[in-house]
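Visitor: Residue numbers (our numbering): 84 to 215.
It is possible that some hints are incorrect.
Heads up, simulated BS3-like pairs for lysine-lysine below, C-alpha to C-alpha not over 27 Å straight-line [claimed, not checked]: (1) Lys129 / Lys191; (2) Lys203 / Lys191; (3) Lys147 / Lys191; (4) Lys86 / Lys203; (5) Lys203 / Lys129; (6) Lys117 / Lys134; (7) Lys140 / Lys86; (8) Lys134 / Lys147; (9) Lys140 / Lys125; (10) Lys86 / Lys134; (11) Lys203 / Lys134; (12) Lys140 / Lys203; (13) Lys117 / Lys191; (14) Lys129 / Lys117; (15) Lys140 / Lys129.
Listed next, with one range per pair, are the computed distances between beta-carbon atoms [what the hints assert, rightly or not]: (16) Asp148 / Glu108: 55 to 63 Å; (17) Asp121 / Thr143: 27 to 35 Å; (18) Ile155 / Val124: 51 to 59 Å; (19) Leu88 / Val124: 36 to 44 Å; (20) Arg92 / Ala211: 25 to 33 Å; (21) Met84 / Glu108: 56 to 64 Å; (22) Tyr116 / Asn184: 46 to 54 Å.
Calculated directly from the structure, the hints in this document are not laboratory data. Glycine residues also receive a C-beta, built at the ideal position from the N, C-alpha and C atoms.
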Amino acid sequence: MQKELDAAREREEQTLLYNVEYAEEYEALISQYKDRLDDNVKLSLKLEEAKSQVEDKTATLLSKDLALNQLISEPAELKERAASGSRHDAELAEYHIRALNDEISDMKCNIRALNEQLLKREIDLDTARTNL
84 MQKELDAARE REEQTLLYNV EYAEEYEALI SQYKDRLDDN VKLSLKLEEA
134 KSQVEDKTAT LLSKDLALNQ LISEPAELKE RAASGSRHDA ELAEYHIRAL
184 NDEISDMKCN IRALNEQLLK REIDLDTART NL
């Protein structure tokens, strides 16, 4: 009878030890999950910020592009000004066109870079979600 009680106590102690070990492992997994969740939230926020930046840069680019198109669509006026002795105005307009072209080129480069960053962040976010 005593042997049975001792064996039962031993099994109970082993069970308690296993439960403690399991609880510790479970807590570690919960902590890892929370860390990953925090990382996902941060990645999502960065992704939204990048999307907003891309939208802002795109709007700016479209605005500059519209201004450039307006300047380009008025070559007759520029020629008329040049012919009427307003050579300075024509040169100034051409300078503005070149400056706008340079700005548009820079903005297109920036948008490409932002799109690459956005794509990378989307890939990172998908990877993080997959790893969960």
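Visitor: Each hint: holds or not?
Guide: Results for each hint:
no. : hint                        : result
1   : Lys129 / Lys191             : holds, 21 Å
2   : Lys203 / Lys191             : holds, 18 Å
3   : Lys147 / Lys191             : holds, 11 Å
4   : Lys86 / Lys203              : violated, 65 Å
5   : Lys203 / Lys129             : holds, 11 Å
6   : Lys117 / Lys134             : holds, 25 Å
7   : Lys140 / Lys86              : violated, 80 Å
8   : Lys134 / Lys147             : holds, 20 Å
9   : Lys140 / Lys125             : holds, 22 Å
10  : Lys86 / Lys134              : violated, 71 Å
11  : Lys203 / Lys134             : holds, 12 Å
12  : Lys140 / Lys203             : holds, 18 Å
13  : Lys117 / Lys191             : violated, 39 Å
14  : Lys129 / Lys117             : holds, 18 Å
15  : Lys140 / Lys129             : holds, 16 Å
16  : Asp148 / Glu108: 55 to 63 Å : holds, 58 Å
17  : Asp121 / Thr143: 27 to 35 Å : holds, 33 Å
18  : Ile155 / Val124: 51 to 59 Å : violated, 46 Å
19  : Leu88 / Val124: 36 to 44 Å  : violated, 53 Å
20  : Arg92 / Ala211: 25 to 33 Å  : violated, 47 Å
21  : Met84 / Glu108: 56 to 64 Å  : violated, 36 Å
22  : Tyr116 / Asn184: 46 to 54 Å : holds, 52 Å
The structure does not agree with the numbered hints 4, 7, 10, 13, 18, 19, 20, 21 stated previously, though it agrees with the rest.
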